[in-house]
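Visitor: Chain by chain, the residues run as shown.
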Amino acid sequence: MFRFDSVTFLDILRVPSLMIGGGRVTSLLGASGSGKTTILRMLNKMVSPTAGEILYHDRPLREIDSVLHRREVCMLSQTPVMFEGNVRDNLLAGLLFRKAPLPEDTVLSETLDRVHLNKPLSEPVDKLSGGEKQRLALGRVLLLDAPVYLLDEPSSSLDENTAVAVIEMIASCVREKGKTLVLVTHSAAVAEKYSDDIVEIRNKVAERRSV
Amino acid sequence: MNGIRELTIVQVALAYVFVLVVLAIVRARGIRREKEILLASIRMTLQLVLVGYLLVYIFENPHPLITVGIILLMEAFAVFTVFRKFKGKLSGGLKRVIALAICSGTILCLLYFLLVVVRIAPWYDPQYFIPIAGMLVGNSMTGISLGVKSLLEGMTVRKASVEEALILGAEPREAVREIINSTFDAAIMPTINSMLGMGIVFLPGMMTGQILSGTLPTTAIAYQIAIMFGIFGSVSLCVILLLQLGYRTFFNKEHQLR
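Chains A and B, in that order, give the protein sequences. The opening position of the first sequence corresponds to residue 1 in this note's numbering, with each subsequent residue numbered one higher. The opening position of the second sequence corresponds to residue 1 in this note's numbering, with each subsequent residue numbered one higher.
The set of hints was computed from the structure by calculation and includes no laboratory data. Be aware that a few hints might be false.
Stated by the list, open to error - Covered, in the sense of this in silico footprint (three residues per stretch, anywhere, with C-beta under 8 Å from a C-beta of chain B), are these stretches of chain A:
no.	region
1	38-49
2	70-77
3	94-105
Said to hold, decoys possible - Far from chain A, by Cβ distances over 12 Å, these chain B residues were calculated:
no.	residue
4	9
5	42
6	166
7	194
8	198
9	240
10	257
Yeah, the Cβ is synthetic: ideal placement off N, Cα and C, and Gly gets one too.
Okay, chain B solo, but in the shape it has when bound (with noise of 0.2 Å):
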């Protein structure tokens, strides 16, 4: 395999050729989006830029607590990102449920990942840790994002019917149990179709980048393998948490609607 081909300083710029022509087409068509064009590209750059330095400092001086920290962070992005979506939507209870779900739904995940089919050494391994938490996270984030919406409109939209089951002797759970379901299939379906779609439709982003970088297109395919079974056991994990634990916020202890 040949070794990857460095980009240099210019090599970058030019692809901000991509940024130029779009922001000609909309100026030309009148679609006042240019500001928000140049912000996100500049943006994007600066924040990668930052990154970028900040893992090769991690990555030169590893340490657990560094590696720990980071985690937690992303955790607390991730809840607080699902918060802001539903700003003004959300009783404490459902709050702590996602809070608990995303938080223990991706480290178990995360640690089963890295420590048993992975096997890093150390176990703080940031080279490791930090991209493949990003993963879990983000695609955990997204799937609670999904879950928590479904959730929420299912018991606006089925009140009546959640009502009724109760008035005729339904326990809660049993109460919810379609909306439970369909909000668990709105969560997951778009891992279930990346998983179908993955090489015919599109490679993903981390083979193609293992591949970019030098790697068998063997080992990275079993990497992404790995990954999509990671992510997938994550999201099902959080949105499974949720779910269980979620619908119980929406009733008091004499198994009222609140």
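The following block holds chain A by itself, in its conformation from the complex (with noise of 0.2 Å):
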């Protein structure tokens, strides 16, 4: 699905070659500031290798309209922005932005438990806690449906058994509708547990290493 050919990213990151498969758990491993998000955000179209090629379905992604990539292949910060408003805009605010149908309350809530978040959809979201707000985040993304996911650190703000929960809920999620997640983690053993895949950085170089 994703082939990175000779990426260098300024002089913090190169991924000399890697293949990410469609349909699988590929997870991210590294230090802090390794160049974990940095690979993401080459994913998402943030930013743009300064030197190489990535290619999603044989594509270069610099020929790929970037928002239409975007909507496709959909990201979740490891810092959660909230948008002015309450827990029901934030649910909305991806599908608003694309302008795609929106859906009923009972959804929305459907959405909400499923992330583990038991706010009503009034409350205003400044009066959210960091975790709270990060579950929020992550409801705002799973909405959106889209075929691939890369979530930077889910679960880095939520205590450990909301965070094993969460993190089996999106690994069921993408397995039962066969689509691609790539997971950012500082965890070898979340890694281990849930990936089909592992990458790991390590000296500013990403390369495949066996699971």
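Please dock the two separately framed chains into a single complex, following the hints provided.
Guide: Here's what the structure looks like:
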């Protein structure tokens, strides 16, 4: 699905050769600041490689319309960014940006249940904690029902039990629907338990390692 | 109506009493602003005397090239004033947009106002062209300055929201919609407020000047209403052009934030 050919990003990251398969769960492992987020941002076209080429379905990313690509390859940032308004406004934000049909409130409530967020849709977002915002942001991208998900540490602000439940929900949802997931995690245990493939970044170089 | 009461040099000099009183007060209170007050007073006097003689010459010798030259000078002054105000903060692209917005917005409104509303003849009549151009360009420059300030602040303070919107698949224009709307508000609110207060809170300068020079108040008011709409149109058009073209300079062709 994604292929990296001699990719470099400034002097912080090199990806000599890498394939990320479709319909699979791939984890990106590496120390803090090693360039994991940069890989996700390159896959989402929020930044472009300074050298080399990334291909998506055998087409160079630079030839693909960025906005359409981001609607298909959906990314969740590690630090959740909330828009002004309440929980409902934030859940619907992605769909509104895409001018997609809006679901009923029952669907929104189900989404909150899936991400273990027990809050009313009318709750103002500035009353949510960091972990609650992270789950709301996750619910927002799950509603988009994209074929490819890029999740940057989706459980970093959650307590251990909630983190496990959320990761399991994401992994099973992705597998059931045959979607592709690229997951940034700092936890080797999470990567090994839920991934089909693992990519590790060491000394600024990203390479596949055995699961 | 009575004609204008001419002011002699002595009478004008008597108005300097205001400056002397303020100078005495700031000196007594130890506010070190004497130099600035004196400089501003003398500069204003010299500038206006020079402009007065220049305008007398231009009105007596009207020529299309002189009128066009003066408009171009005003436009250039307005553009560089905005550049200077935001020195070091403007990209090359945004500078080009500012210049285009000020020049095209004011010139379009000026031509409509003079040729369609007032219907001056000849089209380059400096007696109308120059003062009305001054009002449109001056007010539009202020509107553009407020717009640029608000746009730069919005793109800095709300950078994370803009980026999140892009990540979620928004077109750049959707990602900056809130910034654009609040910038438009910030840029045109002073013009709207001055329209609201006009005639009640203050009498505008152009109207007062016309009345003092012997024009019927009804005629002066008709001009004032028309020029206020002209100013409102010019400020709005300049700011709309700035925003519609300006936001694009913050993104590259891959729709990524620069």
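Visitor: Now tell me if each hint is right for this structure.
Guide: Tested hints:
| no. | hint | in the structure |
| --- | --- | --- |
| 1 | 38-49 | holds (count 5) |
| 2 | 70-77 | holds (count 5) |
| 3 | 94-105 | holds (count 3) |
| 4 | 9 | 61 Å, holds |
| 5 | 42 | 51 Å, holds |
| 6 | 166 | 7 Å, violated |
| 7 | 194 | 30 Å, holds |
| 8 | 198 | 34 Å, holds |
| 9 | 240 | 23 Å, holds |
| 10 | 257 | 8 Å, violated |
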